[in-house]
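Protein chains: 2
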Amino acid sequence: MAKQRNIIVGQSGGPTAVINSSLAGVYKTAKERGFHTIYGMLHGVQGLLDEQYVDLSTQIHSDMDIELLKRTPSAFLGSCRYKLPEIHEDVAIYERIFEILDKLEIEAFVYIGGNDSMDTIKKLSDYAIIKGHKQKFLGVPKTIDNDLALTDHTPGFGSAAKYIATSTKEVIRDATGMTYNDKEAITIIEVMGRNAGWLTGATALARTEECEGPDLIYLPEVVFDIDKFLDKTKELLAKKESVVIAVSEGIKVADGRYVCELSGGADYVDAFGHKQLQGTAAYLAGFLGKETGCKTRSIEFSTLQRSASHMASRVDVNEAFMVGGAAVKAADEGESGKMVVIDRLSDDPYTSAVGIYDVHRIANNEKVVPREWINEEGDYVTDAFINYIEPLIQGFYQPFMVNGLPQHLVLKK
Amino acid sequence: MAKQRNIIVGQSGGPTAVINSSLAGVYKTAKERGFHTIYGMLHGVQGLLDEQYVDLSTQIHSDMDIELLKRTPSAFLGSCRYKLPEIHEDVAIYERIFEILDKLEIEAFVYIGGNDSMDTIKKLSDYAIIKGHKQKFLGVPKTIDNDLALTDHTPGFGSAAKYIATSTKEVIRDATGMTYNDKEAITIIEVMGRNAGWLTGATALARTEECEGPDLIYLPEVVFDIDKFLDKTKELLAKKESVVIAVSEGIKVADGRYVCELSGGADYVDAFGHKQLQGTAAYLAGFLGKETGCKTRSIEFSTLQRSASHMASRVDVNEAFMVGGAAVKAADEGESGKMVVIDRLSDDPYTSAVGIYDVHRIANNEKVVPREWINEEGDYVTDAFINYIEPLIQGFYQPFMVNGLPQHLVLKK
Numbered sequence: 001m002a003k004q005r006n007i008i009v010g011q012s013g014g015p016t017a018v019i020n021s022s023l024a025g026v027y028k029t030a031k032e033r034g035f036h037t038i039y040g041m042l043h044g045v046q047g048l049l050d051e052q053y054v055d056l057s058t059q060i061h062s063d064m065d066i067e068l069l070k071r072t073p074s075a076f077l078g079s080c081r082y083k084l085p086e087i088h089e090d091v092a093i094y095e096r097i098f099e100i101l102d103k104l105e106i107e108a109f110v111y112i113g114g115n116d117s118m119d120t121i122k123k124l125s126d127y128a129i130i131k132g133h134k135q136k137f138l139g140v141p142k143t144i145d146n147d148l149a150l151t152d153h154t155p156g157f158g159s160a161a162k163y164i165a166t167s168t169k170e171v172i173r174d175a176t177g178m179t180y181n182d183k184e185a186i187t188i189i190e191v192m193g194r195n196a197g198w199l200t201g202a203t204a205l206a207r208t209e210e211c212e213g214p215d216l217i218y219l220p221e222v223v224f225d226i227d228k229f230l231d232k233t234k235e236l237l238a239k240k241e242s243v244v245i246a247v248s249e250g251i252k253v254a255d256g257r258y259v260c261e262l263s264g265g266a267d268y269v270d271a272f273g274h275k276q277l278q279g280t281a282a283y284l285a286g287f288l289g290k291e292t293g294c295k296t297r298s299i300e301f302s303t304l305q306r307s308a309s310h311m312a313s314r315v316d317v318n319e320a321f322m323v324g325g326a327a328v329k330a331a332d333e334g335e336s337g338k339m340v341v342i343d344r345l346s347d348d349p350y351t352s353a354v355g356i357y358d359v360h361r362i363a364n365n366e367k368v369v370p371r372e373w374i375n376e377e378g379d380y381v382t383d384a385f386i387n388y389i390e391p392l393i394q395g396f397y398q399p400f401m402v403n404g405l406p407q408h409l410v411l412k413k
Numbered sequence: 001m002a003k004q005r006n007i008i009v010g011q012s013g014g015p016t017a018v019i020n021s022s023l024a025g026v027y028k029t030a031k032e033r034g035f036h037t038i039y040g041m042l043h044g045v046q047g048l049l050d051e052q053y054v055d056l057s058t059q060i061h062s063d064m065d066i067e068l069l070k071r072t073p074s075a076f077l078g079s080c081r082y083k084l085p086e087i088h089e090d091v092a093i094y095e096r097i098f099e100i101l102d103k104l105e106i107e108a109f110v111y112i113g114g115n116d117s118m119d120t121i122k123k124l125s126d127y128a129i130i131k132g133h134k135q136k137f138l139g140v141p142k143t144i145d146n147d148l149a150l151t152d153h154t155p156g157f158g159s160a161a162k163y164i165a166t167s168t169k170e171v172i173r174d175a176t177g178m179t180y181n182d183k184e185a186i187t188i189i190e191v192m193g194r195n196a197g198w199l200t201g202a203t204a205l206a207r208t209e210e211c212e213g214p215d216l217i218y219l220p221e222v223v224f225d226i227d228k229f230l231d232k233t234k235e236l237l238a239k240k241e242s243v244v245i246a247v248s249e250g251i252k253v254a255d256g257r258y259v260c261e262l263s264g265g266a267d268y269v270d271a272f273g274h275k276q277l278q279g280t281a282a283y284l285a286g287f288l289g290k291e292t293g294c295k296t297r298s299i300e301f302s303t304l305q306r307s308a309s310h311m312a313s314r315v316d317v318n319e320a321f322m323v324g325g326a327a328v329k330a331a332d333e334g335e336s337g338k339m340v341v342i343d344r345l346s347d348d349p350y351t352s353a354v355g356i357y358d359v360h361r362i363a364n365n366e367k368v369v370p371r372e373w374i375n376e377e378g379d380y381v382t383d384a385f386i387n388y389i390e391p392l393i394q395g396f397y398q399p400f401m402v403n404g405l406p407q408h409l410v411l412k413k
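Those sequence lines, one after another, are chains A and B. To convert, note that position 379 of the first sequence is 379 in the working numbering; the numbers rise steadily by one, no gaps. To convert, note that position 2 of the second sequence is 2 in the working numbering; the numbers rise steadily by one, no gaps.
So that you can see chain A by itself, here it is in the shape it has in the complex (with noise of 0.2 Å):
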């Protein structure tokens, strides 16, 4: 019997309203380009060691159900947060790993993930190199916190953006039809993004035309002085009555100490060892509420932010679903070792292609804003900064909506 064509994919880490674009773009392509079997890892390599899969074409049954899963956020596959041990600390693993690639014949594996996920493609890539394996191994892109190096942005980020953006417009409307004359009021909005402030401004896109936008914009890539912040906020009380401020869950004091450890919180560890940060809008509320008595409010987005797929970014669908299948063709043409990469061809209008690079080159290297798009005073972003996110944020990718709400795609078991 000849030996199949299979392909497996797998998706790990934080999700994202576009990460099963990836998969539906993985799943489209590997049919077009003749695999045989396209399997899915179950919560990642994690369930994989399990031997936890499904055949993806019990799950996908029409162009309709691609389109279906073009909508639904989250992890369809289950995502996992899973470490691979280096290859001299656990030979084991990974041959249990290739074990169970073997025998299910699979030629290809595609990674749809961000740094730690990439991380995985290097090791296995690495592995396969040194023992003779012939599988390709297959990095696509995803994150919200467009913290990955050598892309001109991740797939998820701007769907992230998009929804943040909106939220910000319709807190700020809300919390200016509440103040009047001299009851003012603070709200504070709280973005994910644990060392990259790119969500935490993207919260000044609310800055439009009919919307003043967010007043101050912390990011972490600035050391966060509380005292600057609490006279910064009091000039602007003077000036008027709803005063908005987005802070990012990661800023921190020159000490070190993430805001939101200052009142003691701040305990859960995941298993990168991340601390799992809340509480940070909270917390400076009450700082401010204490400090100044105006009426706060604070506002965390939560993880709405990184599953809103009711508000994706038309753009983000599109090329989440380029990458995926791009990462397949790559495959398929020999490549291994590598993500793909977006590539930005022009602003005005925008275009972008993809690229291909040598995961050694991204793995855990985080991009974090650079300081010339944050304002001197490090309370703001610049005009650069916005006009990089603007274009990954437009186009609306309607919802397929049944009974009122939106539908989504969901594993059977």
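Among the clues, some could well be false.
Put simply, identical chains are the same to the list, so a pair is met inside one copy or across any two.
To be verified - Derived pair list, reagent style DSS-like, types lysine-lysine, alpha-carbon separation capped at 30 Å:
1) K31 <-> K329
2) K252 <-> K295
3) K239 <-> K252
4) K240 <-> K134
5) K290 <-> K252
6) K240 <-> K412
7) K134 <-> K329
8) K228 <-> K131
9) K329 <-> K131
10) K412 <-> K234
No lab work stands behind these hints: they were computed from the structure.
Start from chain A and add chain B according to the hints.
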């Protein structure tokens, strides 16, 4: 010079996604009925007392502006939380208001708001009758809380319910995708609703063909039993990896304390003596984390549930517009001291019509979820509840997207 036929309209209380659709309905019908100047009070009666108002023809220039207004969340004119004193307590305030109304040659006064606003309509119309003033006073219902008596439901509720159900589906997808094997996780969603659980119950709409919906739902209508809550959660954790629970911000334990007070928070009190409630989900997440050892996350839908016009229900937008127009029509036909209500004519197909009720029958009566629409255990809503809500979230009211974001009509001062 002949006396002008002028009209004034104001907005009061917490905003909704469609409160401006009612304003648009008032404006359009007032123009059609030949009112001369259509004034808008800025920040309701409180602004009126400071002679803060605008001529709406300086703000709304076209039918397209009317459509944009219908898509703008939060009170376009600004809102207030101002409680009129009883007439016998402070006659001077009433004299002041009527002096301003006489000066502006106002014939009809339309107030868009909730329970507290209907109280304002009642007092002003009572005062007008006592003193022989000719102005007509009409109330237009508005509240996401759906707690007004005599109307089948309130404008604003359907859109909030649609946003909440949509976001709940997305949160469930996100939480489900992230949990694997024996790593269970608990997500607690906090929904607005001090005494009435209509909005929290709306999370049940997320239970669809492809989504299991929240696992437990706790409304303020039922005393919250934290031990039973813990037992139920543990039972669920034994069966499934991701448990999602919706709670109202207003749930109380047997001794009458709010759950969010158990941690010692909630000290802000508004002008009506209402405590500002926040932190119920955070408290319960902390509690469950300690008791079960699971990873927990709390999510507050915050002010977005009342301002997310990007996910407005078409039924709701149209009904809000309809009741605004009906109030002007009623005033023009000589009614006063009345509130326009929505009568449900049939469920399938859903149809509704306006009715007019004496505001004395309405004011200060809070409509809560009937006990028989909550299951016996007090931890979910029944099918009857869902059948009641479902028609109200139907249809999508496409935002006007400009540069990738929903556009709003904003007051020019």
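Results for each hint:
Taking CA atoms no more than 30 Å apart as the test, K31 paired with K329 passes inside one copy only; the shortest distance there is 11 Å, against 62 Å between copies. In this homomeric assembly, K252 and K295 come within 30 Å of each other (Cα to Cα) both inside a single copy, at 24 Å, and across copies, at 24 Å. For a Cα distance limit of 30 Å, the shortest separation of K239 from K252 inside one copy, 28 Å, qualifies, whereas the shortest one across copies, 40 Å, does not. Taking the closest pair of Cα atoms, K240 and K134 never come within 30 Å of each other, the shortest separation being 65 Å inside a single copy and 38 Å across copies.
For a Cα distance limit of 30 Å, the shortest separation of K290 from K252 qualifies both inside one copy, at 21 Å, and across copies, at 27 Å. Proximity of K240 and K412 under a CA criterion of 30 Å is satisfied inter-copy only: 15 Å between copies versus 53 Å inside one chain copy. Taking CA atoms no more than 30 Å apart as the test, K134 paired with K329 passes inside one copy only; the shortest distance there is 16 Å, against 78 Å between copies. In the homo-oligomer, the alpha carbons of K228 and K131 never lie at most 30 Å apart, since the shortest distance is 57 Å inside one protomer and 56 Å across protomers.
Proximity of K329 to K131 under the C-alpha cut-off of 30 Å is restricted to the intra-copy arrangement: shortest distance 24 Å within a copy versus 82 Å between copies. With identical chains, the CA atoms of K412 and K234 are at most 30 Å apart between copies only, with a shortest distance of 25 Å across copies and 54 Å within one.
The structure does not agree with the numbered hints 4 and 8 stated previously, though it agrees with the rest.
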